[in-house]
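Undergrad: Below are the chains, spelled out letter by letter.
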Amino acid sequence: MAVRKPPITTREYWAPGHAACAGCGCATALKLATKAFSEAMEEKFGDPNAFAIAQATGCMEVVSAVFPYTAWKAPWVHVAFENAAAAASGVEAAWKKLGRKGKILAIGGDGGTADIGMQALSGMLERRHNVVYLMYDNEAYMNTGIQRSSSTPYGAWTTTSPPGKYSIGEDKPKKWVALIAAAHQIPYVATASIGNPFDFVKKMKKAAKVDGPAFVQVHCTCPTGWKSPLEKGVEIARLAIETGIWPLFEIENGDFFNIKIQAPGGGAKVKREGGRVVAIEFKKPIEEYLKLQGRFKHLFKQPEAIDEMREQIKAMWKVLGVDVTLPKPEE
Amino acid sequence: MPMRKVMKANEAAAWAAKLAKPKVIAAFPITPSTLVPEKISEFVADGELDAEFIKVESEHSAISACVGASAAGVRTFTATASQGLALMHEILFIAAGMRLPIVIAVGNRSLSAPINIWNDWQDSISERDTGWLQFYAENNQEALDLILIAFKVAEDERVLLPAMVGFDAFILTHTVEPVEIPDQEVVDEFLGEYEPKYAYLDPARPITQGTLAFPAHYMEARYTVWEANENAKKVIDEVFAEFEKKFGRKYQKIEEYRTDDAEIVFVTMGSLAGTVKEYVDHLREQGIKAGAAKLTVYRPFPTEEVRELAKKAKVLALLEKNVTFSVGGALFQDFSRALVNEKEKPILVDFILGLGGRDVTFKDLDEALEISRKALAGEEFEEVNWIGLRKEIL
Ligand SMILES: Cc1ncc(C[n+]2csc(CCOP(=O)(O)OP(=O)(O)O)c2C)c(N)n1
Ligand code: SF4
Numbered sequence: 001m002a003v004r005k006p007p008i009t010t011r012e013y014w015a016p017g018h019a020a021c022a023g024c025g026c027a028t029a030l031k032l033a034t035k036a037f038s039e040a041m042e043e044k045f046g047d048p049n050a051f052a053i054a055q056a057t058g059c060m061e062v063v064s065a066v067f068p069y070t071a072w073k074a075p076w077v078h079v080a081f082e083n084a085a086a087a088a089s090g091v092e093a094a095w096k097k098l099g100r101k102g103k104i105l106a107i108g109g110d111g112g113t114a115d116i117g118m119q120a121l122s123g124m125l126e127r128r129h130n131v132v133y134l135m136y137d138n139e140a141y142m143n144t145g146i147q148r149s150s151s152t153p154y155g156a157w158t159t160t161s162p163p164g165k166y167s168i169g170e171d172k173p174k175k176w177v178a179l180i181a182a183a184h185q186i187p188y189v190a191t192a193s194i195g196n197p198f199d200f201v202k203k204m205k206k207a208a209k210v211d212g213p214a215f216v217q218v219h220c221t222c223p224t225g226w227k228s229p230l231e232k233g234v235e236i237a238r239l240a241i242e243t244g245i246w247p248l249f250e251i252e253n254g255d256f257f258n259i260k261i262q263a264p265g266g267g268a269k270v271k272r273e274g275g276r277v278v279a280i281e282f283k284k285p286i287e288e289y290l291k292l293q294g295r296f297k298h299l300f301k302q303p304e305a306i307d308e309m310r311e312q313i314k315a316m317w318k319v320l321g322v323d324v325t326l327p328k329p330e331e
Numbered sequence: 332m333p334m335r336k337v338m339k340a341n342e343a344a345a346w347a348a349k350l351a352k353p354k355v356i357a358a359f360p361i362t363p364s365t366l367v368p369e370k371i372s373e374f375v376a377d378g379e380l381d382a383e384f385i386k387v388e389s390e391h392s393a394i395s396a397c398v399g400a401s402a403a404g405v406r407t408f409t410a411t412a413s414q415g416l417a418l419m420h421e422i423l424f425i426a427a428g429m430r431l432p433i434v435i436a437v438g439n440r441s442l443s444a445p446i447n448i449w450n451d452w453q454d455s456i457s458e459r460d461t462g463w464l465q466f467y468a469e470n471n472q473e474a475l476d477l478i479l480i481a482f483k484v485a486e487d488e489r490v491l492l493p494a495m496v497g498f499d500a501f502i503l504t505h506t507v508e509p510v511e512i513p514d515q516e517v518v519d520e521f522l523g524e525y526e527p528k529y530a531y532l533d534p535a536r537p538i539t540q541g542t543l544a545f546p547a548h549y550m551e552a553r554y555t556v557w558e559a560n561e562n563a564k565k566v567i568d569e570v571f572a573e574f575e576k577k578f579g580r581k582y583q584k585i586e587e588y589r590t591d592d593a594e595i596v597f598v599t600m601g602s603l604a605g606t607v608k609e610y611v612d613h614l615r616e617q618g619i620k621a622g623a624a625k626l627t628v629y630r631p632f633p634t635e636e637v638r639e640l641a642k643k644a645k646v647l648a649l650l651e652k653n654v655t656f657s658v659g660g661a662l663f664q665d666f667s668r669a670l671v672n673e674k675e676k677p678i679l680v681d682f683i684l685g686l687g688g689r690d691v692t693f694k695d696l697d698e699a700l701e702i703s704r705k706a707l708a709g710e711e712f713e714e715v716n717w718i719g720l721r722k723e724i725l
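Order-wise, the sequence lines are chains A and B.
Start counting the first sequence at 1; every next residue gets the next number (our numbering).
Start counting the second sequence at 332; every next residue gets the next number (our numbering).
Zero decoy hints are in this set.
Examples of chain B residues lying across from chain A (beta carbon under 7 Å, computed):
(1) LYS354
(2) ILE385
(3) VAL387
(4) GLU388
(5) CYS397
(6) VAL398
(7) ALA400
(8) ALA402
(9) ALA403
(10) VAL405
(11) ILE425
(12) PRO534
(13) PRO537
(14) GLY541
(15) LEU543
(16) HIS548
Quick list of in silico lysine to any residue cross-link-like pairs, SDA-like style, CA-CA up to 20 Å:
(17) A:LYS97 with B:PHE384
(18) A:LYS101 with B:ASP381
(19) A:LYS97 with B:PHE374
(20) A:LYS314 with A:LYS328
(21) A:LYS97 with B:LEU522
(22) B:LYS386 with A:GLU126
(23) A:LYS97 with B:TYR525
(24) A:LYS97 with B:ALA530
(25) A:LYS209 with B:PRO534
Hints listed in this document are in silico derivations from the structure and should not be mistaken for laboratory results.
Keep in mind it's a predicted model, so treat the numbers as computed, not measured.
Backbone N, C-alpha and C define an ideal beta-carbon position, used for all residues, glycine too.
Looking at chain B on its own, in the form it has when it is part of the complex:
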């Protein structure tokens, strides 16, 4: 019987790691992710998790050790956030290029400077071009589930890419919620043993991994990362369906909420999706035709689903906790690209909010609504809007 326990998202991530039975974990503490390696240490110390836990001296070595272990053919896990993920940056490309299905739990946190430990998505969004799959959790249950899902997708032979699962710093990492811990047997059935076909460092059948490629081969190698990302779209749907069958919880790349007759749809990710759904209910009570959409999967980018969503709304209001300078947010860029050649397309309005842990309140969302309504009414509007900015201290 699945067990229900009240826990933080960090603990949920550690539980997911325990259930996935990685053979090697290498991690380094950083707020807000510190509890993940701490909890895993306890599991290992108590013999509940039979893994080698490498207490590395930095995140750079954490991910490097994960690459080494994954290249040797074992399931591998780590957790980090913010500066830690940034320190891994170089090796993230390498892990994807070497097609190693490592999973990282990311406690989504802002980047310095100024130093700030609170939530936004700038850390993992900044890694969107590394080739890694990216999932974002709305709550602690999703943090656990998506890590299991990430392993399954990452290790699929059609994919073989590393994956990160983001959950918002403090809003989730340190907030307790009831989480259902699935039965080990069911997880075992779902995930199975990881049996690498291409990555192993076995003296009985020596292979060379991580070579140099001249211009004659480099592009093809990078293309396979592209192709694997494309393949992942279908695999993710399959794995979501299987997960639902086994565990009873439904996931979709884009989860829609009251979008059917919506004129304005608020699009977001992570824990903000919960707030936005509530806000939509609040608007509906006033007769405003609003809906919400949540990206559970950000990489591979769910282009087809975005196009379907776009058919339903007149305005897509993108609520994002990240900045791509002089462009707006990353979602704005991605949505623009997905829709640019569509004949009928909604208006896109971008909102940068909640950076560095700034609360996103209904009042902020009202501001976004007002601008979106202007756009809907054909009035002039700014494409990119910083919401909740304290102009008086600028």
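If we strip away everything but chain A, and leave its shape as in the complex, we get:
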């Protein structure tokens, strides 16, 4: 009987038994990321284990390393909330001196990356450490109980951006950390999503194989913080791509003029000029994404807020050089 090679290694680095919530999309992201890393290390160095992880405080850290247990089958260190990039810099420097081949993976949530850890991240990228920084973006501080971060999208409920008489929820557009990372002109920057796991794995492998720093921002669902059905994580993440909310792209060496925008799927019509995506006509309205999540529930009573969201999404795509049309749901 012919045995098919599994699409991704069966080796596990993020082992079962961690304490993440059921349906946690970020746990899936870490599982995939470490598998991808291992494959890249095997291909690059002939050693699937040639990596170590430095991780920021946050959900994925506390659920995976509860003394005296660990979910990690790779060398792993946690220092604090804001310094995964700096700690990773130190590990990388030590490995260099020890003559150890391999790559360091730094992991931080959106809070530990976009807010309090921004300075350390910038320093690490600018110094060109041979580190892949993975930002798992669940769009709020989940570990401390769902407070807004600068990566929380416009309109979302969190415990510190509650909708009310004078509030529609989070009132600022999402900060685009991938673009800030790319501004450091590092070899590789990508956005990814657990809604497209194969693409995510491909990008993690690419990131792990470049020489020098790389940054990957992966959109991952948090059923607890998003108030969404446990079993719909991947579907919701995919809808974010298909409605235009979450763009997938790659930027190499900080070259914004050659930004590689990916076709979103979901029936969207993509217009290219000279191989470059210049316009996307989305077919699925953003409401399809929003309605599956309790954090946006209040917006359906304020349709003008959803329209404002559409305008912000268009503006965001414009920065990426793409003209988008976003449909309204059929009445």
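Given chain A, put chain B with the ligands in place with the hints provided.
TA: Using the frame of chain A, we list chain B with the ligands on its own:
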């Protein structure tokens, strides 16, 4: 043959780092410590020091990178002062809790506000509860020696704690003195290669470092930091003895000077100890029974040695360049604790002086002497005294 060179304490610290051969150094400039990373950059640039020097974007990242590197199992060094050390504060606890033998050279400087770049000890004293070992140098030679000693103690398996070595801003950091630079071979013999038994990030034997601990384990983890501090007392004595044998310079946790028949003993740390010894000579010439004592080691606190010292004097006059508000100075608190249950104990008088680089003169010490003599004579005295305060501008 050891080489003698005239240098500042900052250079002495950089030389110590060079001799200790750390594999990773991460540092950020701050007055008065800037020269340390500058000098180290030169050593690295000239190939005299084979280390990765991470030019971080802040002190917070400097110490974070040191933690990362030390967790990966290599000898690690940094230097800072004042606000820089304060910015490291959070990670200092983590370095100690993770039992990583990082060494920091601290150019002891005041803390803002108001901003002031000159000497006192408030920066490192404020970190006394982090679990770090603390050494204070009287002169530039001690700055060099104590950094080597700090590495050896910190890396001892019975200790495994980070250590800081303080030397006074400008008074030492920027003042040149002859310093003996020991031979590399002797330092190599003394320190040896750092071979971590518990901290490494090796894919061949993966471990998890820096975990979360529930109430069932946290206290025990903190207790090991306590225990390691206790263990360090004996290890420090051993290392001091070995250092003396190899390098010929003697260190003690508390160095006493003319204390044998002293009634009043002035206790201090750092460069002020030099001034105080001279002052004691001056008093002795007038027939005043005074002595001096210098704390070379502040953490672990040398409780036993303090108790021995206390048996010799009627008054311990504590001269300190730091404030613990509504208490006095940190030494006053520490000495009180060390002596509280002793049957016979001297009177403790606390003096806050020299903050923010204010010179400490014989005239100031006269003021301290006068108050101490009052105490000795059974007259009323203030427990905490601010010396040299310019009352006219208050
Ligand atoms: C200096 C500091 N401030 C605050 C905290 C508390 N804290 C721990 S994790 C966290 C939020 C983490 O959010 P994020 O990085 O988005 O990761 P997530 O929990 O969502 O996975 C906060 C605020 C801390 N540990 N350290
Ligand atoms: S709160 Fe969210 S991110 Fe955290 S473990 Fe639960 S589902 Fe995952």
